[in-house]
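Please put together the full structure from these sequences, using the hints given.
What follows is the residue order along each chain.
Protein chains: 2
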Amino acid sequence: MKCAENHCLQKWLLVLGFLLIPMILPGQSKLLPVQYVNPFIGTENGGNVFLGAAVPFGLVKPGPDCGNNDNNSGYRQEGNINGFSHTHVSGTGGGAKYGNILLLPTTGDIRIKGSGSPRSGEEAYAGYYSVFLSRYQVKAELTATRSTGFHRYTFTNPQSGNVLIDAGHFLDFGHDWGEAQEFVGSELHILSNTEIAGYSRIRGGWNKGGAYTVYFYAVFNQESIRSGTWKNETLHPGVLDQPDTGDKTGAWFSFNSSSGGPVLVKVGISFISSGKAKLNADQEIPGWDFDAICKQTSETWNSLLSKVEVDGGSEYYKSMLYTGLYHSMLMPTQRSGENPKWKSTEPYYDDYYAIWDTYRTTSPLLTLILPDTQRDMIRSMIDIYRFDGYLPDARSGNDNGRTQGGSNSDMVIADAFVKGLKGIDYEIALQAMIKNAEVPPGGNEQKEGRGGIEDYNTIGYVSTNHERAGTRTMEYAACDFAIATLAKGLGKTDLYEKYLKRSSNWTNLWRPVESFGASGFIWPRKRDGTWEENFNTLQPGSWGDFFYESQSWEISLYVPHNVPGLIAKCGGAEKFETRLDTFFINSRPNRQGWMDFYNVNNEPGFLTPMLYHYIGKPDKSSERIRQIIQAYFSINRNGLPGNDDSGAMSSWLVFHLMGFFPVAGQDIYLIGAPHFPKTTIDLGNGKEFKVIAKNLSEKNRFIQSATLNGQPIDRAWFRHTEISNGGTLTLVMGESAAYWGSSGLPPTDPTE
Amino acid sequence: MKCAENHCLQKWLLVLGFLLIPMILPGQSKLLPVQYVNPFIGTENGGNVFLGAAVPFGLVKPGPDCGNNDNNSGYRQEGNINGFSHTHVSGTGGGAKYGNILLLPTTGDIRIKGSGSPRSGEEAYAGYYSVFLSRYQVKAELTATRSTGFHRYTFTNPQSGNVLIDAGHFLDFGHDWGEAQEFVGSELHILSNTEIAGYSRIRGGWNKGGAYTVYFYAVFNQESIRSGTWKNETLHPGVLDQPDTGDKTGAWFSFNSSSGGPVLVKVGISFISSGKAKLNADQEIPGWDFDAICKQTSETWNSLLSKVEVDGGSEYYKSMLYTGLYHSMLMPTQRSGENPKWKSTEPYYDDYYAIWDTYRTTSPLLTLILPDTQRDMIRSMIDIYRFDGYLPDARSGNDNGRTQGGSNSDMVIADAFVKGLKGIDYEIALQAMIKNAEVPPGGNEQKEGRGGIEDYNTIGYVSTNHERAGTRTMEYAACDFAIATLAKGLGKTDLYEKYLKRSSNWTNLWRPVESFGASGFIWPRKRDGTWEENFNTLQPGSWGDFFYESQSWEISLYVPHNVPGLIAKCGGAEKFETRLDTFFINSRPNRQGWMDFYNVNNEPGFLTPMLYHYIGKPDKSSERIRQIIQAYFSINRNGLPGNDDSGAMSSWLVFHLMGFFPVAGQDIYLIGAPHFPKTTIDLGNGKEFKVIAKNLSEKNRFIQSATLNGQPIDRAWFRHTEISNGGTLTLVMGESAAYWGSSGLPPTDPTE
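So the sequence lines, in the order shown, correspond to chains Y and R. Just so you know, the first sequence maps onto residues 1 to 752 in the working numbering. Just so you know, the second sequence maps onto residues 753 to 1504 in the working numbering.
Don't take each hint at face value.
Stated by the list, open to error - Some chain R residues judged to face chain Y by a derived CB distance under 10 Å, without partners named: (1) GLU939; (2) ARG955; (3) GLY956; (4) GLY962; (5) PRO995; (6) LYS1028; (7) ASP1135; (8) TYR1142; (9) VAL1265; (10) TRP1283; (11) ASN1286; (12) LEU1290.
Stated by the list, open to error - Below, computed lysine-lysine pairings styled on DSSO-like, alpha-carbon distance capped at 30 Å: (13) Y:LYS498 x R:LYS1000; (14) R:LYS1000 x Y:LYS341; (15) R:LYS1095 x Y:LYS208; (16) Y:LYS341 x R:LYS865; (17) Y:LYS694 x Y:LYS307.
No wet-lab data here; the hints were simulated from the structure. Since the model is a prediction, treat every value here as computed from it, not as a measurement. Built from N, CA and C at the ideal position, the CB exists for glycine as well.
This is the structure:
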């Protein structure tokens, strides 16, 4: 049964409903939020979402590893399953990261190489994964707590069953781009007939981070009849210890599988020590009740997913919504108590991967529905600044890196601040943001801080002496606005004025050239002030180029902190509208799979379809959004338009399905057309925010009138502070564009 | 018996002779080099040398820890001994580093706090240390192999004896200067009645490095009758495991000390894992023969010390010489196979602490007598560049930092290159040096690279916007000369010319002001080109100041790559001589223990007493050197004038005792008056270099004439390349200055 296909949605819901039947109260017919999660969505087409078992923000993410074919999550639909490793990222691109401590149930002789198996019967729900490995005739099931993977292997073959434990395994691709992981060392000790401990030490990967060590402790529910270890490709039957000599090590346990029932194994994981890994396993899973842990994890998911409840609307959109929420809660990973670099009472999260991706949608989503979690993440970021020297822009394996564009933690902090998130030391946060803005990261320009800031702070833009100069200039300007926002809020007028002024630096790269009828584009500029002439407004780029994952048509529209200024630069509202139309209408896949103009999957364009709001045409924004969702999203395996980027893309979808969209770093949501008649959001403080769309249907998708908290409004935006103590946005929907919301254009704090 | 006092030298030699009697062949009456080593020299008066047992460049350095009173080596003469930890540095200052995995033999009840003991009968030789702990009536003896500490505890009290193992211990001072170590975590597992493993994880310390983990595995020669563990200050009798929960842990083993004879314990140490620590212990010390390991370590020392053999001369100077050589071989530490950060086939050394100190004398000394070791150290430095991004200037605990002055690995590499050291990839070394010179280290200005290089590379000096601007400018100029030297040698003329030009940047801080009759001083200069007016030529400084461990009188004479240019700036030879005279004659301790003018212990002045050579008066250099040695050096505990700085000060002494001194980074040795009639140096390639001083006596200390390899020379210098395939320098000594060597002033490669 392959459950990712649209046509089998009903079957899948039934199976999941059956599994979770104890959670449905008598008389309750409505499906639970967790039942709408389909983890297969976004596993193909470059979505690269994690497939396997995990709790929200789980440190362990046990899941199948299917070779090294640029499948960053470890998973792909085709090919053999090589085993189930315990560390994965979700939705990322570029070089690999993690894939450590791989277990594989086999039968027959022990083989180190070529032991992967074809599969059938793959199933996945939030917190549960299972597959039948046809080569070995074994059903493998996975569930997890925060730090412990729990495996159940049911051998159907009369042969004795083995479990291989590979401490040398890691996801291994990205060599051509210098982003591959490198092996450092591994160690194993078989402690008894049921226990083994050890670690895997790896460096590099996409973020080019330093060495990280994944420690484990595994315990089986039954005694092995034989065991042994290997080093590199040599088996050592009966040898219990493989100390770290810089080689790849592994071990196996063989069981009398016909007598003992299913082989269960708990694999505690730690980034501190194998002793801590054992402690994690012992504390998180005291007994051997696989189903109970599965249910517990499912309930945890359901409780978080229930922060958003919808009434009405299609099952299709509900599956999109709850899977989107699920994807938004896989990363970063909660690693409090698991930081090997310093001791702190602050929370610790790792795998910000990357904040450049997630600040636009995921952070605002968490601030809305899981404010305590978002607070802890920001405290963790500040602690990283305190001990490692810089806020992370991306971070993985306990090491900052890489910075794709700006120092975008600035945006996350400003977003939290304007929305009144408590429990954060905003004074030290401001220090950290100012360090980003003022102290060049030197040779670490891809690691942290702002590369090229010397240019930016002296000549007002990052010159072509530096890579990604266009993206950097645009994002540094936005980040400077974030600093100004926080400075103003903390009463630091001098700093506010300084950074507000710098936030207009984007205009220094604005060149009055024409392209497809539009005038004025962000353009490469040399240090001496002259322009590069050999440049194309549709030329996309990456690390070494002028733009990162973008081109000039797209990024020239990225001025979230001064859209009115951008409109003026573009020649006024009318020309701006034409420019937006050109941008969206000309979007089509080109030969590389990239769009010529708009690419829904490029984060710099995340806000762009909503920019019609700023010329008083919110209906047009909503129509664009509806078209984009229909064109690029589905509940199939290819249901995401590209990398989910740690849930950034999914969070974008969640907001639009709910009917409003955040302007990150500002206390502003733009109102769009919801996909559900009623959405109720638990704000985490005992209060709720409801979005009601009266008369909503596929035809009735235009807002005719609105009230916010009972008062009529004719503005297509509202503030978080208007709903943070509870509130209701009621929209009356109709068949045609009604020019509602055309007055009262969205403001830009803190300047208005 | 306290053996550090001069008057008991004979007794000490007798004891050591007795211990090592098997090493003296029948009929051999001469003492062995190792017998002249007195590890107590330099343990007081801030010398801070390590006292304990170690092999040359040993990874483990087990020795007594005597509280936290700014005793960087762990040792001091006064107070209690708290135990014997396994990691120490030698000769350093500032905040603490290491002091991990501490063992203490006790009797009676287990006490965690206040368990230190008074001592008596302290003895130390190369590779051996012993003391009687009077509180517990136990004799403790230590010896070591590269990675394993070997302890022998002889309990004389009928009570049962305990051994405490403190995994939470570390040297803890430097808080006031932000240079203290910080605890991260620790873990312990009692594996059997004779075995325990675990680790201590610490961060910070003098070099402000990231977390490092010291793993250990300890095995006793007899079974304990009781054992237990502790966490923080709570005892847990019978509890065998203390997983890492971010707390300080420890354990104890109790023995029936009246029945089992001495308690022996091998403590394997590793920076990789406790499995590797066990492997180290098992491989390095297979049995339990303490005396055999002691002898083996002593023989290892003797074989290295024998690279320099002297005939004649006083026992006093021989003790100085061989202890100096011993001190020069304690650091850095040989950690090949023990690098937790990357896997490499290159050698790995840690604890370059700091190259700023050691490049002037220690590196040239090793190039001369242990060229293969020096080659491996440089390969290790290049590997650090390859994986960590920058060459180290200082490094400890597997982390670069801190840079006191220049990027002085440049000097080490140039020194090796001009002396023809093979087996080094000088092309990549040059890349690494150019990175130092061109890529600002950003926020990591105290960690690596060249802070303030933006100033230096644009306006020609480091402005007062940056700390240590004076020291940096002077040393960057010297380091640029090192780059030019290597570039020329590799045939890269453009680079040679570029960096040769930059090496004159020191003149940009030369201000024609007067001080004590001398004219022209290195002076603080603002970014706009104007001078700071509030400045004193005798004002010493540290991290935050204009000079680091120096003042203008001293550092204005530090232009090793262009002494003729310096002399010209000073107004010619006559004024230069007067200036040098003023500098040395006015040197006296001031209230802070600092000298007003010359401070023999300040590395920037290491070459200065020899600068008379550059005005044709080498006799005067030699007289200064002789005066300095007599005033500041002895074979007492206070026999070093200050921090030994990883052997830098000792290496300075060794060269001068032998009668020549290196100009680091250049293929030049300046000839001085030897302290021995005959010195034979094993060059490591089967060839020898002999220095013969005919007629040498306390009176006959002036060179009258010289031959090099049989040819008369009237120049007070020679090239390494003149003696690297063997050679003899024969000096004829007489009672009065003879103006020998006044012609043929020392050249400055690569410009002459």
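Evaluated hints:
no., hint, result
1, GLU939, "5 Å, holds"
2, ARG955, "6 Å, holds"
3, GLY956, "9 Å, holds"
4, GLY962, "6 Å, holds"
5, PRO995, "3 Å, holds"
6, LYS1028, "5 Å, holds"
7, ASP1135, "14 Å, violated"
8, TYR1142, "7 Å, holds"
9, VAL1265, "33 Å, violated"
10, TRP1283, "24 Å, violated"
11, ASN1286, "27 Å, violated"
12, LEU1290, "33 Å, violated"
13, Y:LYS498 x R:LYS1000, "47 Å, violated"
14, R:LYS1000 x Y:LYS341, "16 Å, holds"
15, R:LYS1095 x Y:LYS208, "15 Å, holds"
16, Y:LYS341 x R:LYS865, "27 Å, holds"
17, Y:LYS694 x Y:LYS307, "22 Å, holds"
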